[in-house]
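Engineer: Here's the letter readout for the chains.
2 protein chains.
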Amino acid sequence: MNDTTTPGTTINAPAGTPFLEVIRDFDATPAQLFRVSTDPELVTQWLGPRDLDVELLEYDVRPGGRYRYIHRDESGEYAFRGVFHSVEQDRMVIQTFEWEGAPGEVSLDKWTYTEVDGKVRLHMQSVFGSVETRDAMVEYGMESGIRDSMDRLAELLVKEG
Amino acid sequence: MNDTTTPGTTINAPAGTPFLEVIRDFDATPAQLFRVSTDPELVTQWLGPRDLDVELLEYDVRPGGRYRYIHRDESGEYAFRGVFHSVEQDRMVIQTFEWEGAPGEVSLDKWTYTEVDGKVRLHMQSVFGSVETRDAMVEYGMESGIRDSMDRLAELLVKEG
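These protein sequence lines are chains P and S, in that order. Counting in the numbering used here, the first sequence runs from 1 upward without gaps. Counting in the numbering used here, the second sequence runs from 162 upward without gaps.
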């Protein structure tokens, strides 16, 4: 196991599997978290590492809708894109994910929003096309980006909740 | 390993993984196979087991396009749906796949079309959200449906090629 936990966010990336799991509880309702996390107007305020600018080119949250965004820092640009398979209000989002730097290496992300002990638990499960691709993304620093995203989402909930 | 091979189609479903792989060579060019396998007018002639009727409700082959179809036999209806993530002419299709009988259990399919020794090799890799879901689909008889589909596609290529 390759598990690590910081205050708040749990990330599991079991060795030898193509899975990545993220769990985070927020002081909010499923409806609040769903709204804040899927609102195209708010995405640039929480998605990705704190030290990267993000430009949102498309974010059409409906089955068949597409998204695309670009992270930028002094070393370059990192573009990501995908399509939404399922969007169930306050409950679940299933979407594809591709870093354009590795074209054709696509993963599938399932986000669920569940009330647990008066909080809302965000559970994200990613499955990659191979164990190697999952390992490469983890080595590339995906985990710190996820932790930043979850912390920023918690801050945004306080502000917008 | 849970591998089986019939004349023509190879299906690999390695034990303990969420992967399913299908490989089939056809006497055709990548362009011919791509056209026949993605043409909405032809889908009902090859997709799925021979003994099931298929009704195509939607089949919009472009990034962000959706598809939905229903298989019917005397015991009932089986509906499937998904969205296309990538569509690269004569080369690759990446799409999601969901049996509506198990809502939220979505897999990701990557189809590539490659010329090999004057034939075209269709390679399909599916990755499921869990090993259990992959196993359930295999036990449910997915493999015979895939074999029928590949054989019917070969027949259709002779007719339409």
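Take these hints with a grain of salt, some might be off.
[What the hints assert, rightly or not] Ranges between beta-carbon positions, derived for each pair:
#1 Tyr-140(P) <-> Arg-211(S): 44 to 50 Å
#2 Glu-219(S) <-> Asp-51(P): 39 to 45 Å
#3 Lys-320(S) <-> Ser-144(P): 51 to 57 Å
#4 Val-131(P) <-> Thr-171(S): 16 to 22 Å
#5 Glu-132(P) <-> Glu-249(S): 36 to 42 Å
#6 Gln-45(P) <-> Thr-171(S): 46 to 52 Å
#7 Lys-320(S) <-> Gly-16(P): 41 to 47 Å
#8 Glu-202(S) <-> Gln-45(P): 34 to 40 Å
#9 Leu-218(S) <-> Asp-39(P): 28 to 34 Å
It is worth saying that the hints were derived from the structure and are not from the lab. Each residue gets a CB set at the ideal place from its N, CA and C atoms; glycine is no exception.
Engineer: Each hint needs a verdict: does it hold in this structure or not?
Structural biologist: Cross-check of the supplied hints:
1. Tyr-140(P) <-> Arg-211(S): 44 to 50 Å: 45 Å, holds
2. Glu-219(S) <-> Asp-51(P): 39 to 45 Å: 42 Å, holds
3. Lys-320(S) <-> Ser-144(P): 51 to 57 Å: For Lys-320(S) and Ser-144(P) the Cβ distance comes to about 55 Å; the hint holds.
4. Val-131(P) <-> Thr-171(S): 16 to 22 Å: The hinted range 16 to 22 Å holds for Val-131(P) and Thr-171(S), with Cβ atoms some 21 Å apart.
5. Glu-132(P) <-> Glu-249(S): 36 to 42 Å: For Glu-249(S) against Glu-132(P), whose Cβ atoms are near 22 Å apart, the range 36 to 42 Å is violated.
6. Gln-45(P) <-> Thr-171(S): 46 to 52 Å: 48 Å, holds
7. Lys-320(S) <-> Gly-16(P): 41 to 47 Å: 45 Å, holds
8. Glu-202(S) <-> Gln-45(P): 34 to 40 Å: 46 Å, violated
9. Leu-218(S) <-> Asp-39(P): 28 to 34 Å: The hinted range 28 to 34 Å holds for Leu-218(S) and Asp-39(P), with Cβ atoms some 31 Å apart.
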